[in-house]
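All chains, full assembly: derive it from the sequences and hints.
So the sequence lines, in the order shown, correspond to chains A and B. Oh and the first sequence: position 303 is 303 in the UniProt record's numbering, straight run, nothing missing. Oh and the second sequence: position 232 is 232 in the UniProt record's numbering, straight run, nothing missing.
These are computed hints drawn from the structure, not numbers from a lab. Don't take each hint at face value.
[Claimed, not checked] For each label pair, taking beta carbons as the anchor points, the in silico distance ranges come out as: (1) HIS137/B - ARG94/A: 53 to 63 Å; (2) GLU203/B - ARG230/A: 43 to 53 Å; (3) ARG371/B - ASP65/A: 58 to 68 Å; (4) LYS231/A - ARG371/B: 13 to 23 Å; (5) GLU203/A - ASP301/B: 48 to 58 Å; (6) HIS322/B - GLU39/A: 53 to 63 Å; (7) ARG332/B - GLY26/A: 52 to 62 Å.
[Unchecked claim] Over 12 Å on every C-beta distance to chain A, these chain B residues come out as not near it, computed from the model: (8) ARG180; (9) SER260; (10) LEU338.
[As the list claims (entries may be wrong)] EDC-like cross-link-like pairs, simulated, lysine to aspartate or glutamate; straight-line CA separation at most 20 Å: (11) LYS338/A - GLU202/B; (12) LYS102/B - GLU162/A; (13) LYS102/B - ASP181/A.
If you're wondering where the values come from, they're calculated on a predicted model, not measured in any experiment. Don't be surprised by glycine CBs; every beta carbon is placed ideally from N, CA and C.
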Amino acid sequence: MLVARLDHPADFAGWRRRARILAQAGIAPGLVDWRVGDEDGELFGGESVDDLAPVSGIELTVPRDFPELAQAVICHRDPERFDLLYRLLLRLQREPGLMHVMTDDDIHRANAMAKAARRDMHKMTAFVRFREIVSADGAEAFVAWFEPEHHIVERVSRFFVERFCAMRWSILTPLRCLHWDGKTMHVTDGASRADAPSDDAMEAYWRTYYANIFNPARLKIKAMTAEMPRKYWRNLPEADLIAPLIAGAGRRAEAMVANLPTLPPERHVRQAQRQREEVAEAPAASGSWAEAKAAARDCTRCGLCQHATQTVFGEGPLAAPVMFVGEQPGDQEDLAGKPFVGPAGRVFDRVMGEAGLDRSRAYVTNAVKHFKFEVRGKRRIHQKPNAGEISACRFWLGLERDFVRPKLIVALGATALHALIGHSGSLASMRERDLTLDDGTALVATVHPSYLLRLPDEAARLRETERFRADLERVGRLVPEMLAGMAA
Amino acid sequence: MAQLTVMEKLEILSDAAKYDASCASSNTTKRNALNGGIGSTTGSGICHSYAPDGRCISLLKILLTNYCSYDCVFCINRSSSNVRRARFSVEEVVDLTLNFYKRNYIEGLFLSSGIIRSPDYTMTELVRVAETLRTVHGFRGYIHLKLIPSANADLVAQAGLYADRVSINVELPSEVSLKRFAPEKRPREISAAMGGLRLRIEEGKAERAKSRRALAFSPAGQSTQMIVGADGASDAAILQRSAQLYGSFGLKRVYYSAFSPIPDASAQLPLSQPPLMREHRLYQADWLTRFYGFDVGEILDDGEGGMLDLAIDPKLAWALRHRARFPVDVNRADRETLLRVPGLGTKSVGKILETRRFRRLRLEDIGKLARSIATLRHFIVAEGWRPGAVLDSERLRQHLAPKPRQLALL
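Following this line, the structure appears as structure tokens:
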């Protein structure tokens with residue numbers, strides 16, 4: 001039997017060095033007796049690994065994730081961990097895919113041990129409770145007492161340094177102790193609970209918080225103990241509240257249900273009175289564009305309001321000579337509450353510019369003011385509004401036309417055309433013609449800019465964009481006030 | 001009125017905050033205090049304690065004040081309630097947060113407030129707390145700020161710069177119930193504000209992708225909360241609403257909060273035991289839609305009045321309604337199909353896919369990769385294992401449903 005002696009229980013570097021020597025010498029796992037510190041080896045000592053002459057020339061390779069697994073496993077309390085890891089090291093030389101075989105007994109056991117150690121590390125970051133001490137120079141200093149299940153203390157130290165770098169603190173445990181002075185870490189042997197302070201003035205506040213954030217009407221004790229096992233309770237200052245909180249919960253919840261409703265306090269009555277007066281004094285509606293916009297916010301004339309984020313009303317100067325009417329807000333417009341700000345809006349802006357038109361002089365709106373969509377996972381897919389929705393929303397479009405009274409209206413796409421002429425019509429047959437609406441307003445019909453985005457073929461997209469630009473240039477010729485650079 | 005001590009205020013204002021379910025401290029940018037300041041964030045967040053109501057305590061979750069000019073029927077802090085009132089100063093919240101943080105009680109602060117004076121005034125106070133923590137004390141821990149939907153856009157922008165997460169509660173599944181129970185809240189304002197937040201959060205992300213030094217806007221995204229059981233909304237209506245909220249606003253989480261009795265409750269409410277099992281089933285269904293490829297329509301496709309089965313989990317319920325799709329061969333089925341097997345989670349499926357590249361899987365192997373095979377085994381085929389005729393048995397549901405039992409006392 002060979003004795004391999006490690007410096008401390010989670011001495012990964014020591015294990016690795018000795019495991020390498022043993023593997024290169026071809027020693028079978030059952031022939032090594034792993035020991036920690038001055039722990040007794042076999043009665044008659046046995047030969048030490050450190051006396052073996054290193055055999056060079058034999059390469060040992062392991063998959064990239066093995067060292068990470070081994071570093072977690074070596075923190076586990078199980079005395080067989082060193083042997084298990086050595087066995088895995090040897091098997092990995094013959095079975096390079098072994099790490100992926102999670103049903104293999106050795107891998108399964110190593111994974112379970114690593115998981116337990118990592119959970120203990122996580123719980124240490126959660127359940128360490130610092131208590132303030134009076135330090136010699138009066139600076140803030142903190143000491144905690146914690147009882148980990150595995151040999152994890154040094155592995156967790158980085159977390160506390162990163163978080164409390166500017167503080168001075170010590171974490172005492174029965175296994176190892178950490179001391180941070182603001183610059184360097186000192187690790188010492190285990191301590192006892194009596195070495196840590198027994199109270200902290202803030203604990204009364206913490207306990208008050210704990211007791212009051214608890215809702216007695218919903219007891220789920222198993223959910224609590226699953227995540228905060230009892231073994232941690234004795235070092236948690238809030239834990240002795242648990243039993244009385246549970247014991248009193250039923251009575252408190254019953255009282256909430258049984259108590260008769262009370263009269264509202266004086267303050268509430270005064271405030272309600274004030275609010276009623278304010279409403280009474282509000283000026284009567286005078287029928288302005290701004291009021292129409294405000295009223296449209298709560299529109300329920302069709303079902304689209306249920307799922308859309310908000311009503312997207314038109315935008316632009318009320319004296320605009322030209323009104324552009326699109327189909328409906330898209331995803332981005334729906335979120336921003338403004339028309340033509342998404343991908344189609346960017347195409348619109350670009351071609352407007354190329355045609356020499358100034359968007360800021362136009363009134364831009366949509367035939368339908370709510371976004372119609374279908375949710376697919378995290379995305380919302382645009383859907384075409386139907387005749388009923390278009391007709392319900394004509395009310396608002398009509399008000400906008402009354403307030404703006406443009407010389408010319410541009411219908412962008414078939415839905416806009418439908419909304420403006422009151423029935424569905426063929427965009428192709430009305431395009432590039434001089435049209436007038438019932439009230440005498442000039443009408444130009446063209447495609448919706450999103451149509452250009454949907455064309456899969458590059459050549460077709462260029463050709464159609466060209467036609468769209470020609471339509472907008474015609475708008476500029478019909479209404480020269482729209483041209484950028486012209487005096488408005 | 002006598003001045004309240006900080007202890008008394010803490011008592012009142014944490015009691016007032018407990019009805020917000022969220023306590024998450026995850027998914028934000030990685031920070032530490034190696035270059036000054038105090039605090040750090042980890043990817044997955046840390047729960048520092050658990051209360052007997054099963055909820056984790058990760059953050060100091062308090063209200064700045066529980067004075068409120070709104071009269072939302074379901075809320076403990078509504079203006080017509082006779083609950084004790086208190087108000088923290090900005091400095092008091094900052095001190096409590098830092099003192100708790102230094103003792104490792106918490107990951108940070110979740111601050112909300114009743115509406116006092118005006119939405120903008122209240123929002124300004126909330127932002128001042130976050131700003132003081134970040135700029136005066138170099139606080140690098142987690143901050144979650146509750147936003148007030150009608151607050152000025154500049155204040156919202158500031159809140160997003162200091163906070164890791166912002167949230168606005170939709171409170172109830174439908175606008176109709178919100179109008180009925182929360183007369184001062186404007187549903188349209190709430191959704192418009194959430195839409196605006198999504199745009200800002202995505203903008204912030206895009207800028208951070210270009211330059212690491214760009215300021216993040218609410219890097220842990222936004223979340224919301226819906227109260228379950230205060231109005232008549234069915235589970236189907238709730239899950240449809242969630243799907244729409246996730247799809248529209250890119251929410252990190254929709255929290256479901258079983259409506260629970262409150263002290264000095266309004267007579268308009270159905271006071272009874274909170275429907276905790278219903279809340280649990282909704283979370284399970286929510287998970288199925290987000291991580292298991294289920295549509296809401298599939299989870300509730302049996303027309304049981306749009307309610308989830310309380311006795312068994314929604315995935316098992318779905319599987320029992322679609323037995324023809326089973327058994328599934330664990331050595332051949334693709335990920336999507338495996339994810340639909342009752343008893344297999346995303347992690348187990350990942351392990352199955354990885355391991356079967358090297359080994360044919362037997363039932364005992366699956367036992368090592370999954371939490372339990374008690375239910376699972378009826379739905380799978382493995383090397384040397386077939387479930388037999390049980391899958392077609394009328395009594396399978398009865399066999400798999402947990403037996404009713406008495407609640408254990410501690």
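Hint check results:
| no. | hint | result |
| --- | --- | --- |
| 1 | HIS137/B - ARG94/A: 53 to 63 Å | holds, 57 Å |
| 2 | GLU203/B - ARG230/A: 43 to 53 Å | holds, 47 Å |
| 3 | ARG371/B - ASP65/A: 58 to 68 Å | violated, 23 Å |
| 4 | LYS231/A - ARG371/B: 13 to 23 Å | holds, 21 Å |
| 5 | GLU203/A - ASP301/B: 48 to 58 Å | holds, 52 Å |
| 6 | HIS322/B - GLU39/A: 53 to 63 Å | holds, 58 Å |
| 7 | ARG332/B - GLY26/A: 52 to 62 Å | violated, 41 Å |
| 8 | ARG180 | holds, 15 Å |
| 9 | SER260 | violated, 4 Å |
| 10 | LEU338 | holds, 15 Å |
| 11 | LYS338/A - GLU202/B | holds, 17 Å |
| 12 | LYS102/B - GLU162/A | holds, 13 Å |
| 13 | LYS102/B - ASP181/A | holds, 15 Å |
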